[in-house]
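Trainee: Sequence:
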Amino acid sequence: VGFGGDGATLPLPLISGHISQNLGTQEVRLIHSTIPQQVDQSKPLWIYQYRNLRDREWNSFYAFPEVEFTEADFGVMNFYTSTSFAETNFQTRRVLGVRFLRREREREGYIVGKVMLVDGEVKRNDGGRTSVVMVCRTEEERVQALRVYFGIELTEEERLGVRGRNVELGI
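Taken in order, the sequence shown gives residues 5 to 175; the numbers are from this note's numbering.
Hints in this document: simulated from the structure, not taken from any laboratory. Fair warning: this is a prediction, and the values are worked out from it, not measured in the lab. Do not rely on the hints blindly, as some may be mistaken.
Distance ranges between label pairs, derived from CB positions [as the list claims (entries may be wrong)]: (1) His22 x Arg167: 24 to 30 Å; (2) Ser20 x Thr92: 24 to 30 Å; (3) Gln42 x Gln148: 43 to 49 Å; (4) Phe104 x Gly79: 23 to 29 Å; (5) Ile23 x Arg141: 36 to 42 Å; (6) Ile23 x Leu164: 42 to 48 Å.
Where is the CB? At the ideal position from N, CA and C, for every residue including glycine.
Please construct the entire structure, taking both the sequences and the accompanying hints into account.
Mentor: In structure tokens form, the structure reads like this:
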């Protein structure tokens, strides 16, 4: 399952410590271990980690257990991330989007870069450095960026959906 700009661009095997090449110099892996917040340290989790250069420390991004989840479970999890305004929930405090860039001529769908929208900034990473390509100061500019860089056309109702919210630009 992909999640965000540092997520895996290809499926990863469930082999603890197996390192896979991601985008550019980024490496990713899963480790089967525990996290400090766990109450029961006898039950390891699968922890997704990434690092941007081989000599850097690994960053733990998310973890998941070997437990079955049902559609109802995901409904509850999605409800929290969609509605909670807790300080720790960036899902309702930021506007985020990622579009992966593919090179079709090589391997089928091989990912060579990404375009990211973080609040009012559009950034591009072609497998190396990240550069800012647009800074949006108004909602109109952000709507234009969504159209130009992500191919997303918002309806009038969708454009107005941000009005008065904590993520609205130019207020």
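Trainee: Would you mind marking each hint as holding or not holding in the structure?
Mentor: Comparing the hints with the structure gives:
no.	hint	in the structure
1	His22 x Arg167: 24 to 30 Å	46 Å, violated
2	Ser20 x Thr92: 24 to 30 Å	28 Å, holds
3	Gln42 x Gln148: 43 to 49 Å	45 Å, holds
4	Phe104 x Gly79: 23 to 29 Å	27 Å, holds
5	Ile23 x Arg141: 36 to 42 Å	41 Å, holds
6	Ile23 x Leu164: 42 to 48 Å	46 Å, holds
The structure fails hint 1 only (numbered hints given earlier).
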